Amino acid sequence: MATYAIGDIQGCFDSLQQLLEKCRFNPARDRVWFVGDLVNRGPRSLETLRFVRDLGAAATTVLGNHDLYLLMAAAGFDRRNKGDTLDDILDAPDCEELMGWLRHRPLCHREGPFCLVHAGLLPQWTTDRARELAAEVEAVLAGPTYLDFMANMWGSEPAAWSDDLEGWPRLRVIVNAMTRMRFCTSEGIMDFKTKGELSSAPAGLMPWFELPNQRSADDVLVTGHWSALGLKIEANLLALDSGCLWGRHLTAIRLEDRELFQVDCALGEARN
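Going by our numbering, the letters in the sequence shown line up with residues 1 to 272, in that order.
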């Protein structure tokens with residue numbers, strides 16, 4: 001049995017199929033972890049969502065910002081952007097069923113030395129603590145008041161964690177760290193305006209994984225979200241968004257031995 005972790009797909013279904021074939025993935029024997037952002041911007045989001053759902057126990061996926069964005073759109077909190085490719089899902093006869101499945105996905109997954117999360121973890125959190133905080137969000141998202149959560153989830157404030165946070169601000173910080181974070185100040189205050197390469201960061205900002213006193217440093221974080229960062233493999237970080245959406249690569253890593261698998265992604269598929 002092997003476990004393959006795969007970077008952001010964002011509706012690039014054909015590339016996903018090519019990658020799984022290259023890995024010789026067998027759902028009866030192997031498992032696959034997805035870092036989130038299954039959907040949006042690529043041309044085949046509906047097929048991607050159905051495929052991952054139908055893998056059942058062979059697949060583990062955490063929620064990314066585009067997945068949460070889809071849930072908001074389906075719930076009527078429509079803040080659509082140019083380039084979105086969600087209409088096929090929203091118009092599908094099984095849309096409600098798919099949204100029910102998506103609402104029950106975790107924000108982070110902890111297993112052995114690995115923690116799967118879309119964007120990252122704030123330095124104050126161990127992976128065990130991150131799993132506890134993720135469970136707070138997951139309970140609301142899967143519960144009867146999830147529409148209230150959707151109405152209050154969007155926004156970039158507060159931008160830093162405090163154990164004293166309560167209510168929607170507390171859940172919003174957890175969501176933003178785990179699905180949107182890239183750069184922070186040295187004090188752990190998240191910046192959501194800077195999105196490019198590491199060299200583009202203004203003075204006073206650094207990538208979240210370089211912040212001092214990381215309490216998750218003894219574990220291996222498996223992430224995506226940051227295509228401009230590209231593939232980054234370190235002792236305690238497997239950052240797997242290698243820019244499939246932008247015509248670069250879709251990447252998988254076999255967790256047992258860190259062997260990499262990649263396929264080239266045609267820009268025509270990625271951006272239709």
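Read the hints as simulated data drawn from the structure, not as lab findings. One or more of the hints may lead you astray.
Unchecked claim - 20 Å max Cα-Cα, derived EDC-like pairs, lysine to aspartate or glutamate:
#, residue 1, residue 2
1, 195, 84
2, 232, 187
3, 82, 96
4, 22, 257
5, 82, 94
6, 232, 197
7, 232, 259
Bear in mind the structure is a predicted one, so any value in this text is a computation, not a measurement.
Evaluated hints:
no., hint, result
1, 195 to 84, "holds, 19 Å"
2, 232 to 187, "violated, 23 Å"
3, 82 to 96, "violated, 24 Å"
4, 22 to 257, "holds, 16 Å"
5, 82 to 94, "violated, 25 Å"
6, 232 to 197, "holds, 12 Å"
7, 232 to 259, "holds, 13 Å"
Hint violations for this structure: numbers 2, 3, 5, all remaining hints satisfied.
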